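*Asks:* So you can see what is in the structure, the chains are spelled out below.
There are 2 protein chains.
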Amino acid sequence: MDYESLLADRTTGMSASAIREILKVVSQPGMISLAGGIPAPQSFPMDLIEELTAVVLKKYGALAFQYDLTEGFLPLRSALAEYLKQKGIFLTREEIIISSGSQGGLDAIGKILIGKGSKVAVEAPTYLGALQAFNPYQPEYVRLETDDDGVMPESLEEVLRCHKVKFIYLVPTFQNPTGRTLPLARRVQIAEILQRHGALLFEDDPYSDLRYQGTQIPTIKSLAPDNVIYAGTLSKIFAPGLRIGYLAAPAPIQRWLVLSKQGVDLHTSTFNQALAAEYLNGGYLKEHLPKIIDLYRPRQQAMLAALDRYFPKQFRWTRPQGGMFLWAEGPEGFDLDQAYQEAIRRNVAFVPGRYFYSHVGEGLATMRLNFTMFDETVLTKAIKILGEVLAEQLAAQAGAATREKLKIAGR
Amino acid sequence: MDYESLLADRTTGMSASAIREILKVVSQPGMISLAGGIPAPQSFPMDLIEELTAVVLKKYGALAFQYDLTEGFLPLRSALAEYLKQKGIFLTREEIIISSGSQGGLDAIGKILIGKGSKVAVEAPTYLGALQAFNPYQPEYVRLETDDDGVMPESLEEVLRCHKVKFIYLVPTFQNPTGRTLPLARRVQIAEILQRHGALLFEDDPYSDLRYQGTQIPTIKSLAPDNVIYAGTLSKIFAPGLRIGYLAAPAPIQRWLVLSKQGVDLHTSTFNQALAAEYLNGGYLKEHLPKIIDLYRPRQQAMLAALDRYFPKQFRWTRPQGGMFLWAEGPEGFDLDQAYQEAIRRNVAFVPGRYFYSHVGEGLATMRLNFTMFDETVLTKAIKILGEVLAEQLAAQAGAATREKLKIAGR
Numbered sequence: 001m002d003y004e005s006l007l008a009d010r011t012t013g014m015s016a017s018a019i020r021e022i023l024k025v026v027s028q029p030g031m032i033s034l035a036g037g038i039p040a041p042q043s044f045p046m047d048l049i050e051e052l053t054a055v056v057l058k059k060y061g062a063l064a065f066q067y068d069l070t071e072g073f074l075p076l077r078s079a080l081a082e083y084l085k086q087k088g089i090f091l092t093r094e095e096i097i098i099s100s101g102s103q104g105g106l107d108a109i110g111k112i113l114i115g116k117g118s119k120v121a122v123e124a125p126t127y128l129g130a131l132q133a134f135n136p137y138q139p140e141y142v143r144l145e146t147d148d149d150g151v152m153p154e155s156l157e158e159v160l161r162c163h164k165v166k167f168i169y170l171v172p173t174f175q176n177p178t179g180r181t182l183p184l185a186r187r188v189q190i191a192e193i194l195q196r197h198g199a200l201l202f203e204d205d206p207y208s209d210l211r212y213q214g215t216q217i218p219t220i221k222s223l224a225p226d227n228v229i230y231a232g233t234l235s236k237i238f239a240p241g242l243r244i245g246y247l248a249a250p251a252p253i254q255r256w257l258v259l260s261k262q263g264v265d266l267h268t269s270t271f272n273q274a275l276a277a278e279y280l281n282g283g284y285l286k287e288h289l290p291k292i293i294d295l296y297r298p299r300q301q302a303m304l305a306a307l308d309r310y311f312p313k314q315f316r317w318t319r320p321q322g323g324m325f326l327w328a329e330g331p332e333g334f335d336l337d338q339a340y341q342e343a344i345r346r347n348v349a350f351v352p353g354r355y356f357y358s359h360v361g362e363g364l365a366t367m368r369l370n371f372t373m374f375d376e377t378v379l380t381k382a383i384k385i386l387g388e389v390l391a392e393q394l395a396a397q398a399g400a401a402t403r404e405k406l407k408i409a410g411r
Numbered sequence: 001m002d003y004e005s006l007l008a009d010r011t012t013g014m015s016a017s018a019i020r021e022i023l024k025v026v027s028q029p030g031m032i033s034l035a036g037g038i039p040a041p042q043s044f045p046m047d048l049i050e051e052l053t054a055v056v057l058k059k060y061g062a063l064a065f066q067y068d069l070t071e072g073f074l075p076l077r078s079a080l081a082e083y084l085k086q087k088g089i090f091l092t093r094e095e096i097i098i099s100s101g102s103q104g105g106l107d108a109i110g111k112i113l114i115g116k117g118s119k120v121a122v123e124a125p126t127y128l129g130a131l132q133a134f135n136p137y138q139p140e141y142v143r144l145e146t147d148d149d150g151v152m153p154e155s156l157e158e159v160l161r162c163h164k165v166k167f168i169y170l171v172p173t174f175q176n177p178t179g180r181t182l183p184l185a186r187r188v189q190i191a192e193i194l195q196r197h198g199a200l201l202f203e204d205d206p207y208s209d210l211r212y213q214g215t216q217i218p219t220i221k222s223l224a225p226d227n228v229i230y231a232g233t234l235s236k237i238f239a240p241g242l243r244i245g246y247l248a249a250p251a252p253i254q255r256w257l258v259l260s261k262q263g264v265d266l267h268t269s270t271f272n273q274a275l276a277a278e279y280l281n282g283g284y285l286k287e288h289l290p291k292i293i294d295l296y297r298p299r300q301q302a303m304l305a306a307l308d309r310y311f312p313k314q315f316r317w318t319r320p321q322g323g324m325f326l327w328a329e330g331p332e333g334f335d336l337d338q339a340y341q342e343a344i345r346r347n348v349a350f351v352p353g354r355y356f357y358s359h360v361g362e363g364l365a366t367m368r369l370n371f372t373m374f375d376e377t378v379l380t381k382a383i384k385i386l387g388e389v390l391a392e393q394l395a396a397q398a399g400a401a402t403r404e405k406l407k408i409a410g411r
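Protein chains in written order, with the numbering used here: chain A, 1 to 411; chain B, 1 to 411.
Heads up, a few of these hints could be off.
As the list claims (entries may be wrong) - What follows is a set of in silico ranges between Cβ atoms, one per label pair, in the way DEER data are often shown:
1) B:Phe90 x A:Ser15: 25 to 35 Å
2) B:Pro250 x A:Gly115: 23 to 33 Å
3) B:Pro298 x A:Pro29: 47 to 57 Å
4) A:Thr215 x B:Glu50: 33 to 43 Å
Simulated from the structure, these hints should not be mistaken for lab results. Since the structure is predicted, the reported quantities are computational estimates derived from the model, not experimental observations. Backbone N, C-alpha and C fix where the C-beta goes; we use that ideal spot for every residue, glycine too.
With these hints in hand, go ahead and build the complete structure from the sequences.
*Replies:* If you want it as structure tokens, here you go:
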């Protein structure tokens, strides 16, 4: 039978995540993949699971396995209200709703706000999972310019002056893919711009607890609470397989989020929410988070040291104070595609940065490097190999350019 | 700021589930609520959770807490492929995808197939959660006529001849809300009609394992595999709080379901999927299911006996061989609204059947009665009270009709 003719208009616009396709290719044995964006399994509190399960069974019994409120399990929402205080976010538990991972929050916001042709402002480059959540609702993306400090406030100002945008999507801290963090001064400026334009920001904050140096910077939510939907997740500080994210949205938005979620999945796993509640409430997170940081900090330092040592001088890269990624950029005009292919042949993988741009043809010289999945020795080896590949490709492309020039000159 | 103006067109069509609103009202202490649609907590295998957790930790370790395939955790898909054989459904594990509850499957099908104004054929009455999943995608519903044996094949034939429908939605076994089951002969007819018209059916099958009498009837999926998306869930035979459903769709549909799910929630909880895999694989389901049936069978029998004894003669009701619901119907012209209010005052609740119709003004004399949540004594008491309320209301409405007639005659 003819299935294609049954598809909704929106569906033909869905496409496989290029990164997921890359991840499939590079998951073969022997590959050192810096392409992933996932936490190290060693970061999961595996020794706590049985204990947490016992606590949940004792404390909540069958309630933890029953249908529950769409808004989320109350003990978890209470725990999150408490936890968010340290981020300068002061909310009642009723103001927090649980999503099925932060992906669930992205989809929900897309679903209730984006109509066909609605404008959504995103950083260039931006988080690909957000685009994948938004795309089925058929938005048009408006580009926000960035520099080493993240999005530029004057670009936001310009965009809000010229376009009627539904919302702005930012990852202000240790951004995926660049690792960049918006400094406080810019956050203050952005909060003021949002308020002046009556604009809505989706502040996606999955990484801010993974800070290896420096001090915490206030969330934009804390600076302009009525203009910000704040999204967090326990995927990086507990376990991603539990799919627990959360949203703090202004009340009128939250009302629609709940209605939408009723239709999408009724509610997020009660058992997993109960485990998360006890992980936060029982002081386990406070105890476990330093272990995650102690695991990742030396990995990031090793990658940075290896980049200094092995990467060609024509490259520059970010030096984030936390998160899971570094972002490297070759000279203008350099195309990383060949280097990517060659690196795979030598069993090292990364994600070409161009996949993180909403417009085709941008970011050809950029790459995202993940440092959470391997130990220092392996990371150093991988960067050494990548450095060699890049140097060869730079030489080859320079040679080709010279030959091209000579050819033109010789005509 | 003005949030309303940011909403997508589809969002203004979302509305709170009337049933969820009813459930809030009737959850006060002392109320005997036959309004719910949830399994009894005593049906959950609580004594197995710690054992299953230990097995999962030993067998899968950190993998059960890591990001996983969008399609679902492979050991669970293998277990489900095995389990579905007894339902006459023969699939490889690759042909099954896991959804976040069956609600997740309903949303996914709505998302990939329904555009604004797309026609979807549904039974009258039908499962409300399906309408809630589909509504945001703005379908038009086409009504399928039903009788005591469920949907009438000639109505399906007529609908497919006159309308271009995207898909048909049916709950063929122990339907919610009516408890009705399509007999085999009708299933065969429906399979033939689907094949002849090249039409697609969403066969939602959450209840078929809860059979208290009689023998299993083949699924429509087993009769017309290429024309049916089959949806199941572990909510009624394991625990709903784990949010584990699954879909078996023809390959071209499955491909789009996976793309859609990537954007919606990346994947369903790995840990819960691993628990479910071990529940099925370890033979626990086989051992536990008879206990669930032994819990519910006498409850249903008690409710039927009480209906025979206490309900007014003008009422008729279904006598399903399984499931969670009975459906009762008063005489034509009777409106249950007053009876509902009066029953609440006497601390007994049910769901007025009109909420299960996609068109307003239908089913005013109908009611859904759930029998899973209370023991036999309480159920008998509740039906006795309801019977008294209904008898009073019938008398009152008959009296009012007589007075109205006399008034007209006296003019």
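*Asks:* Could you run down the list of hints and mark each one as holding or not?
*Replies:* Okay, the hints, checked on the actual structure:
1. B:Phe90 x A:Ser15: 25 to 35 Å: holds, 31 Å
2. B:Pro250 x A:Gly115: 23 to 33 Å: For Pro250 of chain B and Gly115 of chain A the Cβ distance comes to about 30 Å; the hint holds.
3. B:Pro298 x A:Pro29: 47 to 57 Å: 56 Å Cβ-Cβ, so the 47 to 57 Å window holds.
4. A:Thr215 x B:Glu50: 33 to 43 Å: Holds - the Cβ-Cβ distance for Thr215 of chain A and Glu50 of chain B, about 42 Å, lies within 33 to 43 Å.
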